[in-house]
Structures are given as structure tokens and as C-alpha cells.
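These protein sequence lines are chains H and G, in that order. Under our numbering, think of the first position of the first sequence as 5, with each following residue one higher. Under our numbering, think of the first position of the second sequence as 5, with each following residue one higher.
Wrong hints could be hidden among the right ones.
Interface residues of chain G toward chain H, partial, derived using beta-carbon atoms under 7 Å [said to hold, decoys possible]:
#1 L53
#2 A91
#3 N93
#4 Q157
#5 A212
Facing chain H, according to a computed beta carbon distance under 8 Å, are these residues of chain G, among others [what the hints assert, rightly or not]:
#6 A30
#7 T33
#8 S34
#9 V100
#10 P106
#11 R109
#12 H142
#13 A147
#14 T154
#15 P183
#16 L214
#17 D221
These aren't lab readings, by the way, just hints derived from the structure by calculation. Since this is a predicted model, take the numbers as computed values, not measurements. Yeah, the Cβ is synthetic: ideal placement off N, Cα and C, and Gly gets one too.
There are 2 protein chains.
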Amino acid sequence: MNRLSLNQKTVDSCSLPEAVAACTRAGITSIGVWREPLHEYGVEAGAALIAEAGLHVSSLCRGGFFTAPDRDRVLTDNRRAIDETAALNADCLVLVVGGLPPGSRDLPAARATVADVLADLVPHAADRGVRLALEPMHPIYAADRGVLSTLGQALDLAEQHDPAVVGVVVDTFHVWWDPDLERQVARAADRIASFQVCDWITPLPADALLARGMMGDGHIDFRRLADLVAAAGYTGDVEVEIFNADVWREDPDTVVATVARTFAEHVSAGATSSR
Amino acid sequence: MNRLSLNQKTVDSCSLPEAVAACTRAGITSIGVWREPLHEYGVEAGAALIAEAGLHVSSLCRGGFFTAPDRDRVLTDNRRAIDETAALNADCLVLVVGGLPPGSRDLPAARATVADVLADLVPHAADRGVRLALEPMHPIYAADRGVLSTLGQALDLAEQHDPAVVGVVVDTFHVWWDPDLERQVARAADRIASFQVCDWITPLPADALLARGMMGDGHIDFRRLADLVAAAGYTGDVEVEIFNADVWREDPDTVVATVARTFAEHVSAGATSSR
Numbered sequence: 005m006n007r008l009s010l011n012q013k014t015v016d017s018c019s020l021p022e023a024v025a026a027c028t029r030a031g032i033t034s035i036g037v038w039r040e041p042l043h044e045y046g047v048e049a050g051a052a053l054i055a056e057a058g059l060h061v062s063s064l065c066r067g068g069f070f071t072a073p074d075r076d077r078v079l080t081d082n083r084r085a086i087d088e089t090a091a092l093n094a095d096c097l098v099l100v101v102g103g104l105p106p107g108s109r110d111l112p113a114a115r116a117t118v119a120d121v122l123a124d125l126v127p128h129a130a131d132r133g134v135r136l137a138l139e140p141m142h143p144i145y146a147a148d149r150g151v152l153s154t155l156g157q158a159l160d161l162a163e164q165h166d167p168a169v170v171g172v173v174v175d176t177f178h179v180w181w182d183p184d185l186e187r188q189v190a191r192a193a194d195r196i197a198s199f200q201v202c203d204w205i206t207p208l209p210a211d212a213l214l215a216r217g218m219m220g221d222g223h224i225d226f227r228r229l230a231d232l233v234a235a236a237g238y239t240g241d242v243e244v245e246i247f248n249a250d251v252w253r254e255d256p257d258t259v260v261a262t263v264a265r266t267f268a269e270h271v272s273a274g275a276t277s278s279r
Numbered sequence: 005m006n007r008l009s010l011n012q013k014t015v016d017s018c019s020l021p022e023a024v025a026a027c028t029r030a031g032i033t034s035i036g037v038w039r040e041p042l043h044e045y046g047v048e049a050g051a052a053l054i055a056e057a058g059l060h061v062s063s064l065c066r067g068g069f070f071t072a073p074d075r076d077r078v079l080t081d082n083r084r085a086i087d088e089t090a091a092l093n094a095d096c097l098v099l100v101v102g103g104l105p106p107g108s109r110d111l112p113a114a115r116a117t118v119a120d121v122l123a124d125l126v127p128h129a130a131d132r133g134v135r136l137a138l139e140p141m142h143p144i145y146a147a148d149r150g151v152l153s154t155l156g157q158a159l160d161l162a163e164q165h166d167p168a169v170v171g172v173v174v175d176t177f178h179v180w181w182d183p184d185l186e187r188q189v190a191r192a193a194d195r196i197a198s199f200q201v202c203d204w205i206t207p208l209p210a211d212a213l214l215a216r217g218m219m220g221d222g223h224i225d226f227r228r229l230a231d232l233v234a235a236a237g238y239t240g241d242v243e244v245e246i247f248n249a250d251v252w253r254e255d256p257d258t259v260v261a262t263v264a265r266t267f268a269e270h271v272s273a274g275a276t277s278s279r
């Protein structure tokens, strides 16, 4: 498992052409694209730019937010995201499912909403040949970002649909703590649509959304998680996705170089086991 | 389920006599005691003070930190905590099991250590008639406070021992997000040694250790969780335990009054369901 993909969020200050150029300069052959910079540049133009650079798109980030009050708007936006995923020929559309609706404390209801909206989107994804990737989020985000809190829960949902159309994301930051992880990654098998890496650092930065660390700066045993995912049969890209204000302030080429170095040291197959 | 207990940490500025007096003034009949203020006052004197005030001790907080490098010290300190629990005639000794040992990323090994140390302590607890209460902690603390991350995981461990000697804590803050909660609380049944309440607030305060809110200030549906715990057969005290710098700055009598009011509104049996 050596195929590093640069998730665009790791170089958050870059436009799409700048992120593509940074990949090319560093010899990175895959990219995880975010919708906002894609929209800024234009979807068709962006798809052409990426294809000309010879980059593979490991994911489009992101659809989701299924629990928002305006259901029609949720469906319209997610169908558009599915079309964009098809335009980029991306491996999957990452879905961050959303937190509790404003004013609600009904977590089971929010989770039921997620299942309903997913079912509504599946036919369009199947039509476009797009794979939806449910991302279980760390429980720290259950209230405000994602009521899908464990890989097991994501699989319970995904398994109601064709594996070619609904898979899951395994993101080390979100799942590393899970005592049931070994069993659930094995269960996930060919449902694993994306494998993302970044570290869990302490003390947790003040803004919980920007709490993700470069590999090796925190507590995650990447080798163990990469081995689990490989044993489950996953052979796709490994995306480095880091939300961190300090990383975002650095020069993007420096960040990309650090990503490549720490990826080789902590994640890719040649690395020795960390303790 | 109406028996409010004031966990001493909620009035962190109070000495033991001050906390006892605050309970008495407010008509609260149970207290959750912390070891540090108990040691300051003296264990025997503290036990006498609490008995004279007619208070029941719902828990002693806390033993644990099993993953610390010096095993002998861990065992000695925890046996002492067990003795203190017996001296107070407390319902249980709450165990915060500890995070990853310094420099380690081996989460499975840390979890195995927890099981080993627990097994070493069980005979002493049984001798003293003390119930150990394993506290699953929110995954936000997996690296640095508690590698026991779910109620299911705590039960897997507890079930290796006599339920009279090893139970679990259900703390709303730590478990509210768990998609498997309904099933695990039912499974816990007479293993539930303590039920603690406080709210999950957003945005998460900068210090993750002080992120707990007064009931009603956050996203937790206390009524639902209290109903699950009651349905599982728990009839003991309900401890309000709030780590929060803003709460700690307030006058303790004001805090206790707010606790009693929000408890009645959001937690106790007479409350109507919150949405």
C-alpha cells in the first residue's frame, strides 16, 4: 500500500491548479479534490486540468449534511456532487452525513434521516457509476458534523445497498480509538472506498475541527491500521488529509514534502512497525 | 429515578466540609467524593463528617490509571483507593483506566494492561466488599485518559468478574454518541454501578478536559438515556459531575441550585421528553 494521494485540504491555501502543480512537482500521482476550489475553477475545466496532469482522483470531498432541514436542497446538492464525481472520474464521493438538526437532541431520528436520504441518492449514484463513501466521524463530531460515529454503524447502513454504489471511508483520525476496529475493517472488505490518514494529537487544539496532525506527530499506529485495511483487501490510494491551522500556514511545497516523508516513514509498506 | 447526587467535582473550589454543607443546605442527600479533597481533610474524619451529615456516598472518584509505567505504584494506590471506598461505604470506586503509556502507540497492548491490572485488584476489592466501576470514556480521551472507549468494551472486561465486584459507569457525556448504546445499556443491567450526567456542549471548549456542560446547555437527550438506564434495572443515585471552568468560577450554592433545577427539568422522572 504505497499509493499516496494528496487530499487538497492538506494544502488549504492552494487553488485547484496550485494543488495539482504541487502534486506534479512532488511526483504524487493522485489527488483528493474538494468541491469549493473545484467550483471556483469550474468543474469541466478542473476535470480537464487534472486529466492533463495525469493525476488520478481518489475522492471528491464532499457530499452529505443529510440532516439539514431543507431536504430538497440536500438532495439537489448531493446529486450535483454525484455528477461532479462522475465528471472527475473520482473513485468515490466522500459523505459527511451531518450532525443533529438545529434545536434537536434526537440522535436516533437524525440517524434515521441519514438512512432515508442515502436511499434517495443511491439510484442517481448508480446511474452515474459513482460510488458513495460513508465516512464515520470521530464521536467528537456527533453533535455538529456527523451522526455516523463508528465503522460498524456505517457498514450497517452501507450493507443495505450494492457495494459498487455505497462504500465506506476508513479515516485513521476518526476510527483509531475503536475497540471493535479490527473486526469492522475485516467486515468492511470491498466496501472500503477510501483510506485516509492523519494523526490524533494531544493536547487537542482549541478548534476541534483543526485538530488533525501530520503522521508521527500523534498517537496513531498507522502501520497497524494500514495492515488491517490491506488485509481487508483494499489496494487503492491512501489519502493524506490534514486539517490543521499550523500546517495551513506553511508553504505548500514544504507541506507536500513533509507529507511524502512522514507517509513513507509511518504509513507505506516499507515502514517498520511503530511501537 | 429521582435521586440526585452532587459529584464534588461540580463544586471544585469547595473543600470536603464545604461540599457536604452545600449538599445539606440544598437538601441533596448523596455525594460523589473525590480523593484529593478527601485526603486533605483526612479519610476517617471525612467518613465521619459525611455520616454525621446523613449523606450517602454514591461514588469515590477515582482509581485507575492502570497503564502508568510503575505497576507496583498503580496497584498500591488503587488498593488504597479501595480501602477508602470501604471507609466511606461508597457504592463504588470509579476507575478511569488511563491512556497510552508515554511514547507508546500500542492501543491493544494498553487495553490488555488494563485487563491485567483489573484482575490483580479484584481480590482486594472483593475482600473489602468494594465494587469497582469501570468508566468507559469518550473516545476524545483514548490517547491520554482512558483507553476504555465504549460501554460494550467495558462490559467485555467487567463480565470476566463477579458483578458484585466489577461494574461499569454510564456517564452521559462519555456514551451519548454511541450507536450501540441501547443494546449495551440493556446488556449492562445489574453491572451499572453508577449513572453520571452532564451535557455535551458545542463548540467544544478549548480545554477538552473542561468541556462538560450543565444539563440542557448541550445536545444530550437525558430523558432517553435515563429511561434506558432505568429500563436496565438501575435504581441508584444519579450523579451530576461537571468539569467546566465557567461553572467552577461561580458561587457553589448558585451552582448547586442550578444543578437541582436542571436535573429536575432534564433528567429526573417527572420531566417531559425533550426533543
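Tested hints:
no. : hint : result
1   : L53  : violated, 36 Å
2   : A91  : violated, 34 Å
3   : N93  : violated, 33 Å
4   : Q157 : holds, 4 Å
5   : A212 : holds, 5 Å
6   : A30  : violated, 27 Å
7   : T33  : violated, 29 Å
8   : S34  : violated, 26 Å
9   : V100 : violated, 15 Å
10  : P106 : violated, 11 Å
11  : R109 : holds, 4 Å
12  : H142 : holds, 6 Å
13  : A147 : holds, 4 Å
14  : T154 : holds, 6 Å
15  : P183 : holds, 4 Å
16  : L214 : violated, 12 Å
17  : D221 : violated, 12 Å
Consistency note: the structure conflicts with the earlier hints numbered 1, 2, 3, 6, 7, 8, 9, 10, 16, 17.
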